[in-house]
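Participant: Join these two chains into a complex; the hints should help.
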Amino acid sequence: MPLLECRDLSLGHPGNIAAEDVSFTISQGDYLCILGPNGAGKSTLVQTLLGLLRPVKGEVCLGEGFSLEDIGYLPQHTETREDFPASVGEVVRSGLLHHCAMRPWYGRALKKRADEFMEELGILPLAKKSFHALSGGQQQRVRLARALCAARTMLLLDEPVTGLDPQAAGELYEILARLRGEQGMTVVMVSHDLGTALGYASHVLYLDHGQGFFGTREAFLTEHPEGRRAQ
Amino acid sequence: MSELYARLAEYLAFPFVRYAFAVGVLVALCAGLLGVPLVLKRFSFIGDGLSHVAFGALAVATVLRLAAPMALVLPVTALSAVALLRTGRSSRIQGDAAIAMLSSAALAAGYLLLHVFPVSSNIAGDVCSTLFGSASILTLTAGDVALAGVMAAAVLGVFALCYHRLFAVTFDEEFARGTGIRAGAYNLLLAVLSAVVIVLALELVGSLLISALVVFPALSAMGLCRSFRGVTFTAAALAVACAAVGIFVSILLSTPVGPTIVLTDALAFLVCRLAGKNG
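Same order as they appear, the protein sequences are chains A and B. Residue numbers for the first sequence follow our numbering, beginning at 1 and rising by one. Residue numbers for the second sequence follow our numbering, beginning at 1001 and rising by one.
One chain only, chain B, in its complex shape (with noise of 0.2 angstroms):
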């Protein structure tokens, strides 16, 4: 066990290993945090088509060498977000299927563009990290945690201030709306928040396993508490301890960051259904 806590203190030396670690547990728990009003308003779809659309994004940001990628992918990711749920409110088939078309062709247009004007001789490599996440979370810089924590911030400070509408407008549309709350304003904020945060952790996970992080705290959340307030602390405090479980384990057994974090998640969404099952 001290043999352990050494060689975690020894990495925690380096600073961009606890680069990794803040942005990793920041944008965790901007994932974990959201990932409550949008599996309960059954939204949690579109944070998958948007991951894909923020891969195909990234490729075309990739292949034109562009020097800060996150300018063109993340207000590609904030529209198709609007787009996603304007045709999700006409229809949930049609929304289904729209979020379906968008995302293959996102995903096949980003992995064309990679194939024929390759940026460099490991095609497969780049892909491969960008599906799943890279080492590059290794490779960090202290601009990158300060962006990963104004957004953070941005996205804290906006739940906060609006926990209770998007409490309303999430538990029941019809009354808020009833009452004078602009529920599509909060959809739409719902929405791009979300694209914020996948585009944050595009860098972390990678682009096919983000809802992991969206989903998997919300749910485990609900296995335990039976109340708004609780569910979100419980998803958030999960998602924060995963992420850090994670990315030690990542570290310690040099396996690839984004998968770790997303079995830990995995693991603790089993433990809390039995928990809830015997509680």
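The shape of chain A in the complex, shown without the other chains (with noise of 0.2 angstroms):
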């Protein structure tokens, strides 16, 4: 039984249709790139997974036991403004909200759980400091954190490593890499880096104006042209 599995959906609002015809499933442990040229759907489909847009047509099916909640997502990077106060800990924090229901403060054990994923993703000697002042990478990390404190099942990473530099962008594929491999954390991953994001991947969605592709990274390589391209 897949977590996820959506069936020929038509995603965007009535009238302005941004990718038709889409199929696919996500298992447990996958590693999932949605590719694709720009306006081919792919920040869509992120919000119609997110639960934010409905489908104008087809339907998300989720697995038993597997709910939006268990969804981390970390969203495509937007400035925030650089004299916004916010200590790294306040931000990994705020993705426990959640797990809170209608308790206004965080309890001892899910703080506890915040500083985990900070120690994991060695960023827990930062928690004090201010967010602004880290560097690209260490920013991501800290989202990375934040999105793992609001789920442990799947990742949704909406073009993670843009903005970053290529040593930051291969330890943020690492992280990601051993997640899965140690966790079997499931990662969903929209990208324009098509060469590196395939080194990873284990199944290729291809956006292209109805002209998609779904499959495991081998078909992908050998059917799809952009995926002979990119060999």
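Don't take each hint at face value.
As the list claims (entries may be wrong) - Derived DSS-like pairs (lysine-lysine); straight-line CA-CA distance at most 25 angstroms:
#1 A:K57 to B:K1277
#2 A:K111 to A:K128
#3 A:K111 to B:K1277
#4 B:K1041 to A:K129
#5 A:K111 to A:K129
#6 A:K112 to A:K128
#7 A:K112 to A:K129
#8 B:K1041 to B:K1277
#9 B:K1277 to A:K129
Stated by the list, open to error - To spell it out: a stretch of chain B is covered by chain A in this simulated footprint if at least three of its residues, at any positions, have a beta carbon under 8 angstroms from a beta carbon of chain A; those stretches are:
#10 1047-1059
#11 1228-1240
To be verified - To list a few chain A residues with every Cβ distance to chain B over 10 angstroms, as calculated:
#12 E5
#13 P85
#14 L124
#15 L172
#16 Y173
#17 Y200
Bear in mind the hints are in silico, worked out from the structure with no lab data behind them. Glycine included, C-beta positions come from ideal geometry on N, C-alpha and C.
Facilitator: Dropping the structure here:
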């Protein structure tokens, strides 16, 4: 039983469809790369998977025991103001919010969980530092820790290496591979970075205005023109 | 020094001075707290626009000789807050223009009404006190204090209960939405709370100066602290301290209350920025 199955999705808004006939499944432990040119509906698909946008057609079926709450989301990088006062710890812990239900404060167990993730990603010593004083790579690790706080089954990352230097990008990919290898984390990543992304992916979803592709990485590399070119 | 203290003690013996002090500090506390997310979300302009709307609504209430002007001013201001938030979301420039239009039109309408239907012989005085705060802060009753107390308690309660969610929505709305936080609802909450605080502050500092109570403590605190919690607590503390000092100074020197508080806030801002640069 897959975690999530999408059947014949039409994505976007009625009258403004970004992608059609999108079908794919995500199983536990998969590493799915969502590729495609700009405007092919990648971000729209992310919004749909998060439940923020209803598909115009088709359906998103959730596997037994899996809910949208189990998705940890790392949004596309947006500029926050430079002088925004926020410590690393505060940013990471904000991922815990939906575990709090109606409680206004984080419990001790939750805080401990946040500390564990920070430890794991090597940012615990930075916990009291200002978020904006960090390098791009460190900031992205903070946001990854926040996503982990939100959910432990599936990570959904929207262009996570945009704006990072190659070394920081490589480190981020390594962390994701480790999380998947050690904890069976399912990784879903929207990416522009075809080459590197394909080095880690187990499956590929290629969106291209109805000329889509879904299958294993091997199939993508042999069957799809973009895949053959990347090789 | 002891002479100063004696004079203060003498004034504090009057209940109306104690009332003014209580209301002033409570209102400043609420405005300072709310200012943190408002400034960080770049919503401070909404506060400014709303204060002018509140002036217009108060003028209408005065002309109609309403017994409880707040019953009109509060809903009108709150509705405007919601409306401004909606236009502001569709496009930033349109939102800015909408606020400029709304605030100047409300000011004009308010003054015109007061001029055409004078309720007292001293129109200029009435208008001036509505714009810059009035001596009416010294005519507050125990009922006014209770009202301010209830509203302040509501603002503080909401802030305490939603603190972490407000942080999440302010810091990264995209992520907050993605994790199931209803960011739109919290923006609405912020707008409505601002309306409440602005209406409360109308008597204290007048409609032209209200933004100062919202903006200064948050910006001062941002010069000193790097964490959201630090800024929140520092802004609250600064707001209370500046209001208290401002009211005392205005009593001692017989200066207008509103402008004195605002200038105290401005002075604190300069000190905080300098301290932040050196520290």
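Participant: Taking the hints in turn, state whether each one holds.
Facilitator: Hint-by-hint comparison with the structure:
1. A:K57 to B:K1277: With Cα atoms ~56 angstroms apart, K57 (chain A) and K1277 (chain B) exceed 25 angstroms; violated.
2. A:K111 to A:K128: The given pair, whose Cα atoms are some 14 angstroms apart, holds under the 25 angstroms limit.
3. A:K111 to B:K1277: Violated, at about 32 angstroms.
4. B:K1041 to A:K129: Distance of about 22 angstroms is within 25 angstroms: holds.
5. A:K111 to A:K129: Roughly 17 angstroms separates the two Cα atoms, so the pair holds.
6. A:K112 to A:K128: holds (15 angstroms)
7. A:K112 to A:K129: holds (18 angstroms)
8. B:K1041 to B:K1277: holds (24 angstroms)
9. B:K1277 to A:K129: Within the cut-off at roughly 17 angstroms; holds.
10. 1047-1059: That given contact is violated, which follows from only 0 residues of the region 1047-1059 of chain B lying within Cβ reach (below 8 angstroms) of chain A.
11. 1228-1240: Satisfied; 4 residues make the cut.
12. E5: For E5 (chain A), whose nearest Cβ neighbour in chain B is about 20 angstroms away, the distance exceeds 10 angstroms, so it holds.
13. P85: For P85 (chain A), whose nearest Cβ neighbour in chain B is about 4 angstroms away, the distance does not exceed 10 angstroms, so it is violated.
14. L124: holds (16 angstroms)
15. L172: Check passes; 17 angstroms lies beyond 10 angstroms.
16. Y173: holds (21 angstroms)
17. Y200: At roughly 23 angstroms from the nearest Cβ of chain B, Y200 (chain A) sits farther out than 10 angstroms, so the non-interface label holds.
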